[in-house]
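A.B. asks: These protein sequence lines map, in sequence, to chains A, B, C, D, E and F.
Heads up: the first sequence is residues 1 to 235, going by the working numbering.
Heads up: the second sequence is residues 236 to 470, going by the working numbering.
Heads up: the third sequence is residues 471 to 705, going by the working numbering.
Heads up: the fourth sequence is residues 706 to 940, going by the working numbering.
Heads up: the fifth sequence is residues 941 to 1175, going by the working numbering.
Heads up: the sixth sequence is residues 1176 to 1410, going by the working numbering.
A couple of the hints might just be wrong.
[Said to hold, decoys possible] In silico DMTMM-like cross-links for lysine to aspartate or glutamate, where the CA-CA straight-line distance does not exceed 25 Å:
1. LYS534/C with GLU334/B
2. LYS196/A with GLU375/B
3. LYS1247/F with ASP302/B
4. LYS1346/F with GLU1125/E
5. LYS1136/E with GLU1274/F
6. LYS331/B with GLU157/A
7. LYS540/C with GLU157/A
FYI, nobody ran anything at the bench for these hints, they're computed from the structure.
There are 6 protein chains.
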Amino acid sequence: MRKINITRDYLMHPYGSVLIEVGNTKVICTAMIEDKVPIFLRNSGMGWITSEYSMLPASTAVRKVRDSVKGKIDGRNQEIQRLIGRSLRNVVDLKKLGERTIWIDCDVIQADGGTRTASITGAYIAMVDALVKKFKNDDEYFPVNDYLAAVSVGIIESGPVLDLCYEEDFKALVDMNVVMTGKCEFVEIQGTGENKSFSRNELNELLDLATKGNNEIIDLEKSIFGEINKYIGDK
Amino acid sequence: MRKINITRDYLMHPYGSVLIEVGNTKVICTAMIEDKVPIFLRNSGMGWITSEYSMLPASTAVRKVRDSVKGKIDGRNQEIQRLIGRSLRNVVDLKKLGERTIWIDCDVIQADGGTRTASITGAYIAMVDALVKKFKNDDEYFPVNDYLAAVSVGIIESGPVLDLCYEEDFKALVDMNVVMTGKCEFVEIQGTGENKSFSRNELNELLDLATKGNNEIIDLEKSIFGEINKYIGDK
Amino acid sequence: MRKINITRDYLMHPYGSVLIEVGNTKVICTAMIEDKVPIFLRNSGMGWITSEYSMLPASTAVRKVRDSVKGKIDGRNQEIQRLIGRSLRNVVDLKKLGERTIWIDCDVIQADGGTRTASITGAYIAMVDALVKKFKNDDEYFPVNDYLAAVSVGIIESGPVLDLCYEEDFKALVDMNVVMTGKCEFVEIQGTGENKSFSRNELNELLDLATKGNNEIIDLEKSIFGEINKYIGDK
Amino acid sequence: MRKINITRDYLMHPYGSVLIEVGNTKVICTAMIEDKVPIFLRNSGMGWITSEYSMLPASTAVRKVRDSVKGKIDGRNQEIQRLIGRSLRNVVDLKKLGERTIWIDCDVIQADGGTRTASITGAYIAMVDALVKKFKNDDEYFPVNDYLAAVSVGIIESGPVLDLCYEEDFKALVDMNVVMTGKCEFVEIQGTGENKSFSRNELNELLDLATKGNNEIIDLEKSIFGEINKYIGDK
Amino acid sequence: MRKINITRDYLMHPYGSVLIEVGNTKVICTAMIEDKVPIFLRNSGMGWITSEYSMLPASTAVRKVRDSVKGKIDGRNQEIQRLIGRSLRNVVDLKKLGERTIWIDCDVIQADGGTRTASITGAYIAMVDALVKKFKNDDEYFPVNDYLAAVSVGIIESGPVLDLCYEEDFKALVDMNVVMTGKCEFVEIQGTGENKSFSRNELNELLDLATKGNNEIIDLEKSIFGEINKYIGDK
Amino acid sequence: MRKINITRDYLMHPYGSVLIEVGNTKVICTAMIEDKVPIFLRNSGMGWITSEYSMLPASTAVRKVRDSVKGKIDGRNQEIQRLIGRSLRNVVDLKKLGERTIWIDCDVIQADGGTRTASITGAYIAMVDALVKKFKNDDEYFPVNDYLAAVSVGIIESGPVLDLCYEEDFKALVDMNVVMTGKCEFVEIQGTGENKSFSRNELNELLDLATKGNNEIIDLEKSIFGEINKYIGDK
């Protein structure tokens, strides 16, 4: 697995902001909390987490046309931002959150594979930081139930690998993104055979690798959270 | 698993057209072949398969606003049509197909859970039928490598279930769509914990169920294909 | 005139749903009733009928690009859905309807000429069925004043014809759509000289044909409505 | 019928430009000729006429939101611009025109009823003027076959009327637009029962009125065309 | 400076409407007052002035594609309408205006350079006329503080020039738009080096010319306002 | 003037990339060179420079909605990106550049006033770096004629100030952006009276300040360019 660097409080305006670097992949993840919810949750007492994902045009080798120029959000970007939102909501108690919306923004400034999994990990940390500020360390009401980490795995010519860089990803036969909790359970599994299908055995090898990778990330989260660790969990 | 009904040659214009009914879920799947490819494949000698998915406004209990009225394609629809396209491309030799595009359209006319998996199965059959007409049963150039089937599985209060109807899907704690080949291998796995995460054991139970369901669907495909079966496979 | 087939209660979710087949033309027409009105009618005590029309991509010989992909509603589709809405509103007492909206959806699944007139006839029947369910056969408040039918006529090389199929329509010199009531009066006349203008005499021949065709359709409606006939009319 | 004022060569850039005033209704109609055709006509030897219609925001009593702000062309505007294009194409020999496009623009600067019929009449004159300049009075190749005029008729409380102003149009029970040629034949008839249906007798009365009105307009066209009259017609 | 022609009350519906002609450039400027404000000003006691600018397709030598067809507002048009709005707001006391919106529309019907500055001058006059009607000459509440005029200046081969026509503008090396008040102060300066940069001395020459031109326009305004002059100014 | 920090080669993919920090304002500016030009320049032998500007949602205190979500580019963003493009083109010889497009992207990651002027300065440096790589230090063909710098000035309660931060900008009475060359000439001047107009004297004071600021920036550019300085200039 490539080296992960986390810079917290990267920006001055948002409550939570993280620059996450996974190898050469760099994503700015921010969390802002708004005291209102989408229409479908009004008067429900519940909160919401929504996520947006985008790549700077120069984040990739070939310049990526902006969605704003195309006038619509690219299918891949939509898929990823829906994935980020669902993953985060899985470890937050939306009742405890109350009628608030957490706006997550993940902007890739440099892409070298694994941008969606780096975004989930970075967004999780930014969200925890934002909630800590918002709830002023109030243990009882802190709505985060569990840790969250995401990593990609895949099968290339030489066999299964953990945390693919762009060059590996580009040639991968099977590509899988796995999101897991601190209890070592799955939140999301998205596996795709690109040029081949994969057997149950191959799947098991990939899941073993992903579990290993996610556990390492969760250890990293625990080490940087320090005092904050005590707020996380089901109370 | 709910009863599956396949009506082939459902429409008069497209080369391949199927009405697939899975319980109360009904989807019209069509395949049309065009003798040109998207720009990124010109002069590559390779073909392409593209897919669109939509729901009639009255296919659901609460009327669904049309994407054309919203002026953009809904995130869920995009995610599904990307999934359908990827799945079909996995079992087709795009070199053998040559510089042609297969346009797949899946239009849900009645929804009761499992519309995306029904779409994949129905689209696969429509595509095979269209290719048979196009290639006039020419065994050697027939580009379909394998069978393809898709089914949903999930965990509800009472435990794991196969092929969820809307009511079950709505209450599901874990929701998974599994696309498989005739060789019993995976093409796509998309599993999501809705209100809970899921353990490795639970995942294994779900995959067992999905394998069982997909095998039944592939048996059904074989039984209706008759003569066509001999063209399918890697030659 | 081509044979007309009406399948009522074609779908499980909407209050009214009809599959109308006119020769090879097939349209799914649905009616859903919502207990609110557009802004311009709020607190007016009046209801509204709105209509949307679309064609499946594979409903025509050459694949039709979806409006959602173009990001806007095609001019022809807009024209047709405005026509359907106006026609239906003509035979409904919007005061009696009260502050409700009837959503009409006409989705062409197979096109062979006359899709807009088939849509009007099919939508009328779906709407009556939906209102019967909504008003539980309450004679006094039932808001439908009259029967409604629509048919196309045109002039081809060999002279005036009733109910043109696609091949005739394609070659037609004059093309006219006529919507009429059970009292044999006109609701809409839209006549277009495609490659020639037409005289007053030719117009009269076309209107005679259209009247004959619409009377047959209204007879069909009466025969299938049975008990419901007694609710229709100005009370 | 209200007084009609025609100002030709109203603008300096386009080949043909007309300010048409019908009572208080004022429309700027322009015709520009481009030496290429839409894709579907390339290498066909045929030309095309396309039309756009719009209203200035302050042309109506209540400010009309611009289509560009809404991001799409309003349904009514689309319907009207399609009508204008079809009407003009009916009196032009597109083969003689050759592979050229005539761009017609009708911009309503003040609206008081009858804007679509005023647009057709004004656009016809602007188009003839543009073609005269383009074909330098070359009799043989001049592609205009016939005169063209349009007028609205309707039924109000007091009975049938010709050329409705806004106040009459607003209260009309039946509303009809009729486009006719110099041979007194119909090009387009669009009749709509707004709050009532209309009988065959009422239709005949309306058509008599429209014929009278259109004949007057064609007389006006002949009087202002002078020398140009000799080019118009089927040769 | 080219001759300026002002036709007030050019249209029947809007409170204020002006046809301004500056040489061959012709713009219809209208002002409509609505008794509500955008969300960000609700309950602030303040009003707003918003502006839209557009060009008829045939206003230029090469037909200009409509923004509504492109589905978005052209960058240049946006820049100009923002400039018009800012300029007008500078001479209006938005508190005195109260919670009202002034809608300014500038539609260029013929372009020969200087359309944006002609629009500002024309819109200012239309706005004053509209406010006079609205406030029924009530001196105390009349919210216009000052006169407003705009003119373009530029540097061409032969040196600095005032009020460039299209041909001069097209070849200009430096292009500047200057908006000024009756007190001879600046409201907006937008200077652009097109093919060269410009020195402080050149800037001063341009500003001298612009001041001269704007003073002439303000004299013209005073001469046509007559009685209205007494309402304008800071009270 | 606030402290300026320039980090060159900030990203791995683009030829030129700069993180520019002006006080708390931080912008990523990138330059990518493509070997083709927009249609209007094909076969002209000339190149083009195009620019896009955007702000991350969390770059401001109140979250900024993405243009891609609104489906169109915000007016302010369009204005700024047009300004950046024009400014850069002013100091580049597009003939020497040849048929190439330089894509400039300025993405604000943290905003505290002066984002557009920081973008121009940063984009200039990124562009020079990209061209150096592209032209491999070939002195003769290097197309950059001059240095370029931009700074904001304004008038606040206490008088004229240089390089306003957000808090000052928010309260400014006059706001001006000035783009200058290494020859101390103006490329762009955009001055706006926000709540007051400004006199010729005040303008002069602002221009003096801007000249001072831009000279400092150009000195900074020279100091960081080192060897590269010798390529810049008219040869």
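A.B. asks: Looking at the structure, which of the earlier hints fail to hold?
C.D. replies: Result: hint 7 breaks, nothing else.
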